[in-house]
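Fit chain B to the given chain A structure using the hints.
Chain residues, written in single-letter form:
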Amino acid sequence: MTEPMVRIRGVVKRFGGREVLRGIDLDVAAGSVMCIIGPSGSGKSTLLSCINHLERIDAGRIWVGGELVGYREHKGRLYELPERQVARMRQKVGMVFQQFNLFPHMTAMQNITEAPMRVKRLPASAARQRAIQLLERVGLASKHAQYPAQLSGGEQQRVAIARALAMDPQLMLFDEPTSALDPELVGEVLAVMQDLARSGMTMVVVTHELAFAREVGDALTFMDDGLVVERGDPRVVLSAPREPRTREFLSRVL
Amino acid sequence: MSASRDTAQPNVASTLTEPGIEALPVVPLRHPWTWVASALALLIAAAVLSSVATNPAFEWPVVAEYMLDDQILLGLSRTLELTIAAMLMGLVLGTVLALMRLSQNLLLSTLSWLYVWVFRSVPVLVQLIFWYNFGALYPRIVLRIPFGPVLFSAGTNSVITPLTAALAGLGLAQAAYTAEVIRAGILSVPRGQTRAAKALGMHPTTIFVRIIFPQAMRVIIPPVGNEVISMVKNTSLVSVIALAELLYTAQLIYSRTYETIPLLIVASLWYLIIVSILSAGQHFLERHYHHHT
Numbered sequence: 001m002t003e004p005m006v007r008i009r010g011v012v013k014r015f016g017g018r019e020v021l022r023g024i025d026l027d028v029a030a031g032s033v034m035c036i037i038g039p040s041g042s043g044k045s046t047l048l049s050c051i052n053h054l055e056r057i058d059a060g061r062i063w064v065g066g067e068l069v070g071y072r073e074h075k076g077r078l079y080e081l082p083e084r085q086v087a088r089m090r091q092k093v094g095m096v097f098q099q100f101n102l103f104p105h106m107t108a109m110q111n112i113t114e115a116p117m118r119v120k121r122l123p124a125s126a127a128r129q130r131a132i133q134l135l136e137r138v139g140l141a142s143k144h145a146q147y148p149a150q151l152s153g154g155e156q157q158r159v160a161i162a163r164a165l166a167m168d169p170q171l172m173l174f175d176e177p178t179s180a181l182d183p184e185l186v187g188e189v190l191a192v193m194q195d196l197a198r199s200g201m202t203m204v205v206v207t208h209e210l211a212f213a214r215e216v217g218d219a220l221t222f223m224d225d226g227l228v229v230e231r232g233d234p235r236v237v238l239s240a241p242r243e244p245r246t247r248e249f250l251s252r253v254l
Numbered sequence: 001m002s003a004s005r006d007t008a009q010p011n012v013a014s015t016l017t018e019p020g021i022e023a024l025p026v027v028p029l030r031h032p033w034t035w036v037a038s039a040l041a042l043l044i045a046a047a048v049l050s051s052v053a054t055n056p057a058f059e060w061p062v063v064a065e066y067m068l069d070d071q072i073l074l075g076l077s078r079t080l081e082l083t084i085a086a087m088l089m090g091l092v093l094g095t096v097l098a099l100m101r102l103s104q105n106l107l108l109s110t111l112s113w114l115y116v117w118v119f120r121s122v123p124v125l126v127q128l129i130f131w132y133n134f135g136a137l138y139p140r141i142v143l144r145i146p147f148g149p150v151l152f153s154a155g156t157n158s159v160i161t162p163l164t165a166a167l168a169g170l171g172l173a174q175a176a177y178t179a180e181v182i183r184a185g186i187l188s189v190p191r192g193q194t195r196a197a198k199a200l201g202m203h204p205t206t207i208f209v210r211i212i213f214p215q216a217m218r219v220i221i222p223p224v225g226n227e228v229i230s231m232v233k234n235t236s237l238v239s240v241i242a243l244a245e246l247l248y249t250a251q252l253i254y255s256r257t258y259e260t261i262p263l264l265i266v267a268s269l270w271y272l273i274i275v276s277i278l279s280a281g282q283h284f285l286e287r288h289y290h291h292h293t
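Chains A and B are the protein sequences, given in the same order. Going by the numbering used here, the first sequence opens with residue 1, and the numbers climb by one from there. Going by the numbering used here, the second sequence opens with residue 1, and the numbers climb by one from there.
If we strip away everything but chain A, and leave its shape as in the complex, we get (with noise of 0.2 angstroms):
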C-alpha cells in the first residue's frame, strides 16, 4: 500500500479548556478527493487548519506527503519546528478560505504572483505568465487588473484556487469554500474545483454542499463533536449511514 497524501493519527486540539477534536485519524489518499461534513462546531474546519500547522495540536501527529507537519522528532521526543521551516511545509498545501482572504490591496494578478515572488523567488515575468495560465483556467483571464472589491464573491473565491494553484501544491485544502457566496454563484466555483479535481489533485473539502461530495468525493468523512463518526464511499454514506448520528445530521440538511 503506497503511502497516503495525508496521515492523522490521534490528534487532540483544545481552545482554552475545551476539547474541539478529540482524537481524530484519517487518511487522504494521493490524487483522491476527501470530503468532511458535519454541524457546525464539530471540528471540521479546526481540522483542516491543523493540517497545514495554521494550529498547532495539542497531541497526536499529522503527516503530509509523508512529512512530519510542525515537529521534528528525535529521541523520542517533539520539537516544535521554527516558523520558517514550517512555511517551507506549507508551500506544498494550498487552502482556500471560506471567507476567499485575497489581499485587498492588490489585484487579482498580485494576488497570485505575490507568493511565488517573495516565496520561491520566481522572476516576475514567468509569476505574470503563470499567473495568466491560472487566470484563464479559472475563466477570469480579462479580470487580472481587478481589485477583489471589484470581483463577485464568486470571482474572488477563483482568483483565490489561482492563487493557491499557482505554488503548485502537492494537496489543496477547502474549507467551506461556497458558504459564504450567493446561491447563484455557488455553481461557477464548484464547477472549478470539480475540474481541479479530474486533473488528479489531492484536495480535502470541508462543505456543506452534498451534492458535490456524492458526485466529486472519493471518500466521505463525517465528524460530530470532534470524532470521526462515519467514513466511506459518498454514495453509501450519504444514501444509507450505518450511525444514527449521520442519520440525523442527514435528515435536517437534506
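Derived from the structure by calculation, the hints contain no laboratory data. Check before you lean on any hint, since a few could be wrong.
Some chain B residues close to chain A (C-beta under 7 angstroms, calculated; not the full set) [claimed, not checked]:
id : residue
1  : Ala196
2  : Ala199
3  : Leu200
4  : His203
5  : Ile221
6  : Pro222
7  : Gly225
Just so you know, these numbers come straight off a predicted model, no measurement behind them. Ideal Cβ placement from N, Cα and C applies to all residues, glycine included.
For chain B alone, kept in the frame of chain A given last:
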C-alpha cells in the same frame, strides 16, 4: 396628513387617476431664525474685522516688516526641522513599541505598556523641562559594557543641549502616541489575511511588510497626519527651554523691541500657513490610500 404627503411629489400625484387628487404647487418650509442668526454672525464678524483693521495696537506695518525677517525665517526652519525629526523618532520608536506590545512575550508587551503609560500621562511640557535638567540627575553620561570597558563618557550638559532635550522630549512622547495608533492599525487588519499569507508559505517578516503593513497604513495615516499637525504646534513648547524655534525667536525680538502683539501675530500667521498646507497634504494622502477599498 395624507394629502400633504401626496403634494410633496406632484409628478407622481399628477399621474394618479383618482379624482380629487391634482398636482398642487409645493411650498418649502421657511427657516426665518436661520436668517436672524446669520445676520447676527455677520454683524459680529464685521465688528471684529473693523477693530482688527483700525486698532493701531495691532501694528500691521510691523507684522509685515517681520513676516519675512531673517531671524523669523530661521526660527521657522528650526520649527520645521524639529517637527520632522521628532515625528520620525516617534514613528520609528512607535513602530517598535507597537510590535513589542503585540508580541506573545509577556515581558516585551508589559514593558511597552509601561512606556506608553508613563509618556502619555506626564505632560510634554513637564517632560521637556525634565530632559533639559537631566544633568542634575546624572552629571555624567557613561556608556559601558556591564563590568567591562567604558565605550563613551561625557558631561551631561555637553550632551543635553536645548536641541537634544527638545528632541528627546517631543520624540519620546510622540512615540507613545504613535505606538497606540500603529497598534490599532495592525489590529484592524483581519486575521484571515495572516492566515492566507501563512498558508501560501510566506515568512513572518514578508507577511508583515507585504500584507499587514500596507493595509494597516489606511488606518494609520489619518491619525498620524493629525499628529504631525499637532507636532508643529507642540514644538512651540520648546520655547521654555530656550531653543530658538518660531515662538522663541518672536519672543527674543519682542523682548528687545516691545512689539509683543505684532510678533505674536507673525508667529501665529506662520503656524496658520504651515498647518493649512499640511492639512491639504493629508487630504490628498488619505484619498490616495482609500482608492481601492
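Here is how each hint holds up against the structure:
1. Contact between Ala196 (chain B) and chain A, as hinted, is supported at the beta carbon level, the nearest pair being about 4 angstroms apart and thus within 7 angstroms.
2. A least Cβ separation of about 4 angstroms between Ala199 (chain B) and chain A falls short of the 7 angstroms threshold, and the interface hint therefore holds.
3. Of the supplied interface hints, the one on Leu200 (chain B) holds, with its beta-carbon coming within about 4 angstroms of a beta-carbon of chain A, less than 7 angstroms.
4. Taken as an interface hint, His203 (chain B) checks out: its beta carbon lies about 5 angstroms from the nearest beta carbon of chain A, inside 7 angstroms.
5. A distance limit of 7 angstroms between C-beta atoms decides the matter here; for Ile221 (chain B) the minimum to chain A is near 13 angstroms, and the interface restraint is violated.
6. For Pro222 (chain B), the suggested interface contact is broken, since its CB lies about 17 angstroms from the closest CB of chain A, more than 7 angstroms.
7. Among the interface hints, the one on Gly225 (chain B) is violated; its C-beta lies about 19 angstroms from the nearest C-beta in chain A, farther than the 7 angstroms criterion.
Checked against the numbered hints above, the structure violates hints 5, 6, 7; every other hint is satisfied.
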